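J.: Position chains B, C and D relative to chain A; hints supplied.
Number of protein chains: 4
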Amino acid sequence: MSMSFFALMTTIISLKAQTRNEGPWWPNKLWGAIDQAGGSNWITPEKIVKALSLVKTGKVFELGHQYERGMPMSGQRSYNIFIPSFPTHGPTGNDKVVFNDEYVTGEIGQVGTQFDGPGHVGKQITMADGTTANVFYNGVNEDEMRNPYGLQKLGVENVKPIITRGILIDLAAYKGVNTIPENYEITLADIRNAFAKQGMKESDIEPGDALLFNLGWWRIWPDKKIVQARTPYPGKEVIDWIISIKPSMVGSDAILDTGPEYLLHKEAILKNGIFNLEFMNFESMVSEKQQYKFLFLFTPLRLKGATGSPGRPLAIY
Amino acid sequence: MSMSFFALMTTIISLKAQTRNEGPWWPNKLWGAIDQAGGSNWITPEKIVKALSLVKTGKVFELGHQYERGMPMSGQRSYNIFIPSFPTHGPTGNDKVVFNDEYVTGEIGQVGTQFDGPGHVGKQITMADGTTANVFYNGVNEDEMRNPYGLQKLGVENVKPIITRGILIDLAAYKGVNTIPENYEITLADIRNAFAKQGMKESDIEPGDALLFNLGWWRIWPDKKIVQARTPYPGKEVIDWIISIKPSMVGSDAILDTGPEYLLHKEAILKNGIFNLEFMNFESMVSEKQQYKFLFLFTPLRLKGATGSPGRPLAIY
Amino acid sequence: MSMSFFALMTTIISLKAQTRNEGPWWPNKLWGAIDQAGGSNWITPEKIVKALSLVKTGKVFELGHQYERGMPMSGQRSYNIFIPSFPTHGPTGNDKVVFNDEYVTGEIGQVGTQFDGPGHVGKQITMADGTTANVFYNGVNEDEMRNPYGLQKLGVENVKPIITRGILIDLAAYKGVNTIPENYEITLADIRNAFAKQGMKESDIEPGDALLFNLGWWRIWPDKKIVQARTPYPGKEVIDWIISIKPSMVGSDAILDTGPEYLLHKEAILKNGIFNLEFMNFESMVSEKQQYKFLFLFTPLRLKGATGSPGRPLAIY
Amino acid sequence: MSMSFFALMTTIISLKAQTRNEGPWWPNKLWGAIDQAGGSNWITPEKIVKALSLVKTGKVFELGHQYERGMPMSGQRSYNIFIPSFPTHGPTGNDKVVFNDEYVTGEIGQVGTQFDGPGHVGKQITMADGTTANVFYNGVNEDEMRNPYGLQKLGVENVKPIITRGILIDLAAYKGVNTIPENYEITLADIRNAFAKQGMKESDIEPGDALLFNLGWWRIWPDKKIVQARTPYPGKEVIDWIISIKPSMVGSDAILDTGPEYLLHKEAILKNGIFNLEFMNFESMVSEKQQYKFLFLFTPLRLKGATGSPGRPLAIY
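Chains as they are written, first to last, in this note's numbering: chain A, 936 to 1252; chain B, 936 to 1252; chain C, 936 to 1252; chain D, 936 to 1252.
Bound-form chain A, shown alone (with noise of 0.2 Å):
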């Protein structure tokens, strides 16, 4: 039988399946058809209690680039940040105390050191009953989500907290460079081969870890570059293998994913709710004698209806 034929089944049965209840993607094999927190369901008692397990000396690592104006970002995103007046407020009582606020305007959960929550990432998708729809984690549509002022459903408030092992796989020391180059696939083998010279096997990573991936171009911020070329990205076989991992989260110094397809967005973030931490700084544990497992903390801000998360992930060993 020619392709074309298995081309049109496969439309065919994604067509029958393709209704609120059931689609490709839906409901989530491993988090069942309400979930809106995907990967950090991992995050048990148990997992944080073998994460915290790892921290030996207590020394913590900054892996976040401070928010600033002029940082790179994508597109027309901006961040802005002003104080009112000076002092805000006061001098007010006989001590004459006076205050300052900051008032901020930005894509705040979508620049800088930036957490790429469930409503993040869609599909535009034809439905079995013919109609168009934008579609979500979990088979959430744009109807359930639609809400000018924050989203309905899939909100990055649903997101638990990241207390969880971090890996970190440092493919820019595998390759022996400072920065990883433009336009680079990044192979299966690179990921192996990194856990060897690592000292570390495969099977040392366990469902609910933060895969962090070290490009080394966190050395390039904050230049705009980082946001305009195509950094380096995994390929189908390695979103696969991230998959199949069953990580809580991935995070790399980019944004691990470039060119028109989107793949780690679409595969990891939309399908299976592995949420992604772009634009992460290494440079305080590489400058370090290095460790590869840690605890690694990531709060995302509880910002109701939001994409992404602004943070301060850590790493503590």
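No false leads were slipped in.
Simulated restraints on C-beta separations:
1. D:D1064 / B:D1078: 18 to 28 Å
2. B:N1128 / A:T979: 29 to 39 Å
3. C:E957 / B:E1218: 50 to 60 Å
4. D:I1178 / C:K1132: 45 to 55 Å
5. C:D1078 / A:G1010: 19 to 29 Å
6. B:E1218 / A:I969: 18 to 28 Å
7. A:R1004 / C:V1112: 50 to 60 Å
If you are wondering where the hints come from, they were derived from the structure by calculation, not from laboratory data. Owing to the predicted nature of the structure, the values given are computational and were not obtained by experimental measurement. Heads up, the beta-carbon is just placed ideally off N, CA and C, and yes, glycines get one too.
T.: Same frame as chain A, now just chains B, C and D:
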């Protein structure tokens, strides 16, 4: 000698002292002349290791509110969130991927569950040279800080991640009420009695712990009364005690301060760098078999030049 | 024949008509298929010359409110203004020059005295091909307009400056009240009687005039009731009359529309491009010896892709 | 006697004068001690009638740019516009009406075609009592104006609508160039020669006219060079002449000022209340048979407490 003589002497002494280099609350006795991190300096690797050791089960408690439109805010502060179009981007590529962003405007570090950082509160004083200046933590003055686009010194990015022992002082439980009434001045006796009821001794507290006060006002949230009423506040005696205890920070489910003199803001934050987390939420804790000592996590966002930070405070035990 | 047969026929007819090229309200009969300026097209050089000729004394009347924090706004709209630091810039140069900026956030074309432009109101309809579409003035649909960063078609920048004859219809004066009560449906008889009281004839109105209705609700401003109450509204008969009169625009001191069906928005703005200036202020006029025909000026800001505009409407006579 | 003696005397005299009530540029000699409207006071009913009489054909010329994302802005100023969701509201009612809003953030009175109002520019000076103060138009000082949420005095809402005679001084045409080069200091001879070329006499100008200078820089827009280059600027002699002419305001297609001393801002705006409309667009005028005297309309938005205003300047003749 009369009191007025002492008062005069004090004035003379303080006038003498009030130069950039030396004044009534600077250089900071604990952390030195150039410090901008205050009580967060207590969070050493050793302290972290000790705090982590409190975790037995790994159960996580959310100690903050979600950030949302319409939440109570002081004065003219505001918080807005938008989804620009829906989807914001796409469909793009063969697979018709779509993306959403959120756009947020607001006094982001001074609304909702909010952490007052080192640049939030100051005092207008007369310097030795006769000039008037707004002076902040560690003697930093307006000229060093003032910038329309974010504080140049004492921004909240200077505060280290708070990973420490949390000590809950459940004043509402001690008083046997859901919510401590308005206008109530918290006494040192209240605190000691609360410890006794909790089976704790004052000496259980160690430098660098986070002192968290349950006033029962999280039950009011999101009623605007919580920002309009004179919520329970510690008197001078309690504030002196707090300072003597040397916590990394304090927190409560209200502001732990009110009235024209802003005692806590002035004595704890401004003069001692003991920062204050306001409008916490103890709902998840008090609905469980209570613990009073636990791992406490709060990672202020590194918003460069901001006066405060939103966040997601957690207890784990 | 039964009603349902007629209903069916109507549906069939309207379905036939509803393509991009032809539908119930497009192409616009007065201005043609590609028009985006609606009633402002009446403002020709000749019309301007005629309008200017009404000016005898040169006295100016402000017909709008100031824009300020706390003014009444519908729903979740907001308006904030800040002075970033003070001064925002400087001192700079030998002469120590300083500068202030303001930073404004808000639904700037949909708060306060506001002009609803061509992209503000649409209707969800079923097209001939069975698809559902949001269609706006002159048949422009969502696909042509939608962009997160400003409308791609029907932005308010397409509206020409309104320099025309203003016709005041003082309904409050006719009714002998300060403020016409809530829930009042304005009738055509009211309008004719008001004209009679004003010593005017309906035939005094010419195409392209701006029809301004005094309902006495400017007296309520800035009470929030003005955006919460069902302010006086024209019934179908009046709206049909307005459309037949061919004004460049309408205006009033409320919204001139309320209730679930938004008759004026739908019939005048959406279908006929007769734009609507809401929340005007007639205080300066009614405190003078009244004129009812005058030079009317309103220059919508050319905010590219905006749905409306703030402004400073003026009467001169 | 030596110059330094005179300088000393000047200093002494000016120090004596610099109280709130009296200083080098206040009370304003033309408009008195409490004035906040500056040159817009020239716009009397008589002036308006005279200006309207210039209109013969009613043809309208747009003299401003559209406001849009990406337009050139000075320093860290910004301008963003969003459509929250699409549609923002609805469908609502039986007829499924939908609505769009726009959300705008930016230094709205200091971006694009912008009118500098009375609170925009000041000077830091030493007062007679030895204190340092930022003083603005008519001697208003920081203490009277400063408020985080909008200026308490000298807000742009105090400026009257500009409905006056516009006088175009086409310096680019006189120079025979499309665009006058960078760093060019405009001389009084240039202005007189331009008048001669235009068939005008200096005495054609009357108090309260708006003086508009075509430098040819509108041709550069939206190239960011227009805010980065040292655009042509009037020297001291020209500024003195402008002040002597007593215009209601000045305008140009650049900022009509540059360099460290901000002569025009300081002498014309600050000291004389002759406000300045920056970044105008003369494209529509110069493509026609040119007129140099016309009705000029500019109605600053009454944004309470703002330092400037966007707008839609028009010429009609």
